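From first to last, the protein sequence lines stand for chains C and L.
Residues in the first sequence are numbered from 1 upward in steps of one, following the working numbering.
Residues in the second sequence are numbered from 1 upward in steps of one, following the working numbering.
Simulated from the structure, these hints should not be mistaken for lab results.
Predicted model, so just to flag it, every value in this text is computed and none were measured.
The beta-carbon is built from N, C-alpha and C at its ideal position, and this holds for glycine as well.
Don't take every hint at face value.
Unchecked claim - Straight line, CA to CA, 25 Å or less: simulated DSS-like cross-link-like pairs of lysine-lysine:
| # | chain 1 | residue 1 | chain 2 | residue 2 |
| --- | --- | --- | --- | --- |
| 1 | L | LYS329 | L | LYS468 |
| 2 | L | LYS468 | C | LYS85 |
| 3 | C | LYS88 | L | LYS471 |
| 4 | C | LYS21 | L | LYS448 |
| 5 | L | LYS15 | L | LYS97 |
To be verified - Computed footprint of chain C on chain L, listed as stretches where at least three residues anywhere in the stretch have a Cβ under 8 Å from a Cβ of chain C:
| # | region |
| --- | --- |
| 6 | 445-454 |
| 7 | 479-487 |
Stated by the list, open to error - Ranges between beta-carbon positions, derived for each pair:
| # | chain 1 | residue 1 | chain 2 | residue 2 | range |
| --- | --- | --- | --- | --- | --- |
| 8 | C | TRP63 | L | LEU375 | 24 to 34 Å |
| 9 | C | ILE78 | L | PHE156 | 32 to 42 Å |
| 10 | L | PRO103 | C | ASN135 | 21 to 31 Å |
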Amino acid sequence: MFSNQIINIEALPNVDTATLKPISKTYLKVIILNKLMLCVVVLAILTAAKFFVTKAIVQERFWFIFLLVLGLWLINLIITILAFKKRKYAIREHDVIYAKGLLVNSITTVPISRIQHIEESRSWLARQFGLATLNLYTAGESGSDLNISGLPHDDARQVNDFISAKINANS
Amino acid sequence: MQIADFSQPIRQSAKGIIVIFAFNTFKFFKRFFVLFLAFGLSLMRKKMLFNISALNLLLIVIGILILLLVFAILKYLNFKFHLSKDDFYLSTGIINKDQTIIPKSKIQNVYIKQNFLQQIINVVSLNIETAGDNKSEIEISALDKATALQLKRELFQKTQISENSVQDNVETKRDVFFKVSPKRLILEGISQNHLRSFTIIASFVFGLYYEFKDYIKTYRLKERLDTFIDLSEDTIVNIMLTNLFIVILAILFSLLFSILKTFITNFGLEVVENRKTIEINKGLFNKVSLSLTPSRIQNIVIKTNRVKQYFGLHTMQVKQAMVNVKQRKNFVIIALEKAQVRHLINKLITNYSEDTVPYKPLLFYRRVLALRVLLLAILLNIITFFIFGNGIWWINLVLIPIAALYSYFGYKKAFYKIDDNFITIGSGVIETTLNILEIHKIQSVSLKQNIFQKRKQIASLEIATASKSVKIPYIALKQAKYIYNFLLFKVESQDRDWM
């Protein structure tokens, strides 16, 4: 039947009291290695362009463009490293919380009952460090899917098992 | 009415050959449209192409058409479907035979559509949609209307009930709730956002120009145009007049385009109330018939603007989960009166009340809005300075009032209401938009803070359902966290499904 009792605001489960756990520190290495690879590829293409493209603008402004790319990459890298500390997650009884972002900080919560399926993916680099990424898919817009990268493989597997069991129990 | 028997494998109506043939031909020519045009134009000039004469080319085209026809006939002959007690069977394929089986319980939507050609030969197409990816959609392209309706009924009917009782039920419950009048359609067309029509036309003209750039060059259109402008360059007044003329022409074209577009897509719009569902029928060349199932609705969006409000016109968009992308834009009912909107909301979601106390975003939000347009204005200033030089500063006389109005209305129209079961969010600047969603349909909640918001203890909330994500902008952090906790508690504590 329809009921409408007053809910005690203070008694509600609070996101603030949930202790968020930082992701594995080794994942920072993966990020930096990935960024380095990207930087090397872009700079290599630029250098190749210097030898093969004879247009004046490429020749005269080469060092300017080179340093611009390098500078942008450095700023990006610094922000990523600083933002790394903000990547935290928590698994509660009924939901999964993931926080991230330095310039724009976001805390997203997905109720477990809304998760359609869960997937564990490991890139080659992540495998070398024993890490894994958890992808939680909801039926929502693509924006409401959660990807938690940089979990130690064992943790990821435990979380995966826990959530899978919950999903299966629900349906 | 003759009752078709679906228990044996049957083909669609023989007119299906025409539909398949026309569709494939259209697709074929559309794909190679540019190629054909290029061939045609160079043929006109040289009379020859790769040593092929015009006659041979014509023969090739006829050959292709015959091939397409044979293909259509074969496709028709190999397209068979039938129904069992619980499943729908479909076998297709000329060389590779495919057999598709869909359990009736997995069918999400059944649409009946009728395009221009189908209207002429008096058949309808029936689309069956299942949950999951777009490939799983099935289209039967030619059925006569009675058969299609019967098939639709039987697809939705889980247990076998005797034929007569079903028919009686359907006919007595059919209750046309709303039928649009041509006058309201035209009013709706006039009050559209003409800027959008203008951009569509402009991009179309530009695209056309781009495609035929070479030909225009060869025909020296530019030089002819230049001489035309030269003639009128006598006085400043003449230039002003031409400019004014062009602007008026653009406005007129946009207006006409808006009206035509509204008229064609929404011609004969009617909303029919069934016992459980609501049915929308509309379209001039492309007739569609859709049904809305309340349990699948995720968001309801109601839009109006100043002009429309004056005429009493409201647009209602219903966002459902698991709907094909192409069909999504059709779940729109236009030209509704306010009372009708209210009635439909009550039909689609139960217990919705409008009297909840509205809250507003913090005043800081207005400043942020003003800052956003100001940044845009500065950018515009820089661009115009580089293009036109120093004499163009007067545009700020226009820009600044616009910026002020933008932030004023953007803030004035923003509000949010939250009660036990619903979230209502108002927004918009030129348009007034109202977003309604049921709390138990929420998929995820997200609290966002940029560095400026963090310093001021302000946050924005993003609430996603299966079809749309809405935002409550710039509210106090404490309030945001309270709402965040409350929504999660609501979703997780009640065992209600989102679909």
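Against the structure, the hints come out as follows:
Among the hinted pairs, L:LYS329 with L:LYS468 is consistent with the structure: their alpha-carbon atoms are about 13 Å apart, no more than 25 Å. Restraint check: the Cα-Cα separation between L:LYS468 and C:LYS85 comes to about 30 Å, which exceeds 25 Å; the hinted pair is violated. Straight-line distance between C-alpha atoms of C:LYS88 and L:LYS471 comes to about 23 Å, which keeps the hinted pair within the 25 Å bound. At most 25 Å may separate the alpha-carbon atoms for a hinted pair to count; C:LYS21 and L:LYS448 meet this at roughly 19 Å.
The straight-line distance between the Cα atoms of L:LYS15 and L:LYS97 is roughly 22 Å, inside the 25 Å bound, and the hint therefore holds. By the rule of at least three residues with a Cβ nearer than 8 Å to a Cβ of chain C, the coverage given for the region 445-454 of chain L holds, with 8 such residues. Given as covered by chain C, the region 479-487 of chain L passes the check, having 5 residues with a CB less than 8 Å from a CB of that chain where 3 are the minimum. The hinted range of 24 to 34 Å is satisfied by C:TRP63 and L:LEU375, whose Cβ atoms lie roughly 32 Å apart.
Judged by the Cβ atoms, the range 32 to 42 Å given for C:ILE78 and L:PHE156 is violated: they are separated by roughly 59 Å. About 28 Å separates the C-beta atoms of L:PRO103 and C:ASN135, a value consistent with the hinted range of 21 to 31 Å.
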